[in-house]
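In the working numbering, the protein residues as written are 127 to 434.
Among these hints, one or two may not hold up.
Stated by the list, open to error - Distance condition first, Cα-Cα at most 20 Å in a straight line; then the derived EDC-like pairs of lysine to aspartate or glutamate:
#1 K365 <-> D329
#2 K407 <-> E428
#3 K330 <-> D318
#4 K365 <-> E284
#5 K327 <-> E136
#6 K365 <-> E428
What the hints contain is simulated information worked out from the structure, not anything from laboratory work.
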Amino acid sequence: MRLVFAGTPEFAAVALTALIAARHEIALVLTQPDRPAGRGMQLTASPVKRVALAHGLPVFQPATLRDAGSQEVLRAVRPEVMVVAAYGLILPQAVLDIPARGCLNIHASLLPRWRGAAPIQRAILAGDRETGITIMQMDAGLDTGAMLFAKPLAIGAEETAGSLHDRLAALGAAAIVEALGRPDSLPAQPQDESLATYAAKLDKAEARIDWRQPAEAIVRAVRAYNPQPGAYTSLRGEKLKIWSARALPGRGEPGVVLRADAGGLAVGCGAGLVMPEEVQKAGGRRVRASEWLTGAHLAPGERLGEDA
127 MRLVFAGTPE
137 FAAVALTALI
147 AARHEIALVL
157 TQPDRPAGRG
167 MQLTASPVKR
177 VALAHGLPVF
187 QPATLRDAGS
197 QEVLRAVRPE
207 VMVVAAYGLI
217 LPQAVLDIPA
227 RGCLNIHASL
237 LPRWRGAAPI
247 QRAILAGDRE
257 TGITIMQMDA
267 GLDTGAMLFA
277 KPLAIGAEET
287 AGSLHDRLAA
297 LGAAAIVEAL
307 GRPDSLPAQP
317 QDESLATYAA
327 KLDKAEARID
337 WRQPAEAIVR
347 AVRAYNPQPG
357 AYTSLRGEKL
367 KIWSARALPG
377 RGEPGVVLRA
387 DAGGLAVGCG
397 AGLVMPEEVQ
407 KAGGRRVRAS
417 EWLTGAHLAP
427 GERLGEDA
């Protein structure tokens with residue numbers, strides 16, 4: 127098919143690579159404008175742009191799709207389908223109407239659960255055991271369009287957002303290639319609005335650990351915020367990130383250290399105990415908690431999370 131592809135991060139780049147390998151004609155690639163990144167804040171191309179340029183594909187980076195000029199660029203390439211994956215810009219109805227067969231979205235959840243910007247993290251935070259990929263016919267709503275194709279995926283007991291992202295990206299790439307391979311045999315199924323949930327965009331502030339929560343919820347948060355933005359607490363006025371942790375039986379006052387020795391670190395919380403396994407102090411590197419404890423001089427009775 128003759129396609130326009132719209133996407134920005136690595137999740138979308140995996141799908142674009144698969145569509146190129148499947149020998150679809152990518153007439154135009156839309157991606158977000160280059161953004162400052164890294165310590166030097168240099169303007170950096172998105173993962174999708176890098177894939178497109180590596181394959182000699184034309185790239186278009188409008189700041190908005192609401193203006194007539196941007197819409198005319200899309201009309202000029204006369205696409206059969208626009209494939210959208212984590213693009214980051216709203217598609218107005220005028221754009222949705224341009225492709226002959228409409229716009230298809232690769233969404234990283236089993237809709238209507240977890241519509242919105244952060245479905246991977248929200249699924250882990252909620253303790254879901256299953257997620258997946260939905261190929262959806264886009265409409266003007268937020269992930270409200272009819273579903274064409276769904277592929278479920280089990281969430282592992284120790285799955286992080288990073289590992290789940292990578293598995294969903296591969297599944298999404300395979301799903302869109304399959305969907306485009308049989309477009310006339312995919313009946314559109316309306317979403318059940320009564321089952322809809324919303325995956326709000328992540329806020330860095332929410333990654334601060336609330337030690338009043340049960341241990342299982344804290345451990346899910348550690349997994350959900352790995353690798354971005356990273357679950358964190360504080361110790362003696364400095365930020366301490368926690369990259370992996372286990373829930374243990376027991377009881378302790380929220381945030382108070384019960385054990386800090388060669389056997390590990392145990393912290394009280396709302397119910398049960400949390401045992402951080404990999405941590406990172408401000409300006410340091412990620413290390414096993416046992417290694418960090420060697421120089422931290424942490425004693426039972428100290429409290430985590432009292433200060434910023």
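Hints, one by one, checked against the model:
A hinted pair counts as satisfied when its Cα atoms are at most 20 Å apart, and K365 with D329 qualifies at roughly 17 Å. Using a Cα cut-off of 20 Å, the hinted pair K407 and E428 holds, with the two alpha carbons roughly 16 Å apart. Straight-line distance between C-alpha atoms of K330 and D318 comes to about 31 Å, which puts the hinted pair past the 20 Å bound. Of the supplied pair hints, the one linking K365 and E284 is violated, its CA atoms being roughly 24 Å apart against a limit of 20 Å.
A threshold of 20 Å between alpha carbons decides the hint, and for K327 with E136 the separation of about 17 Å falls inside it, so the pair holds. Of the supplied pair hints, the one linking K365 and E428 holds, its CA atoms being roughly 15 Å apart against a limit of 20 Å.
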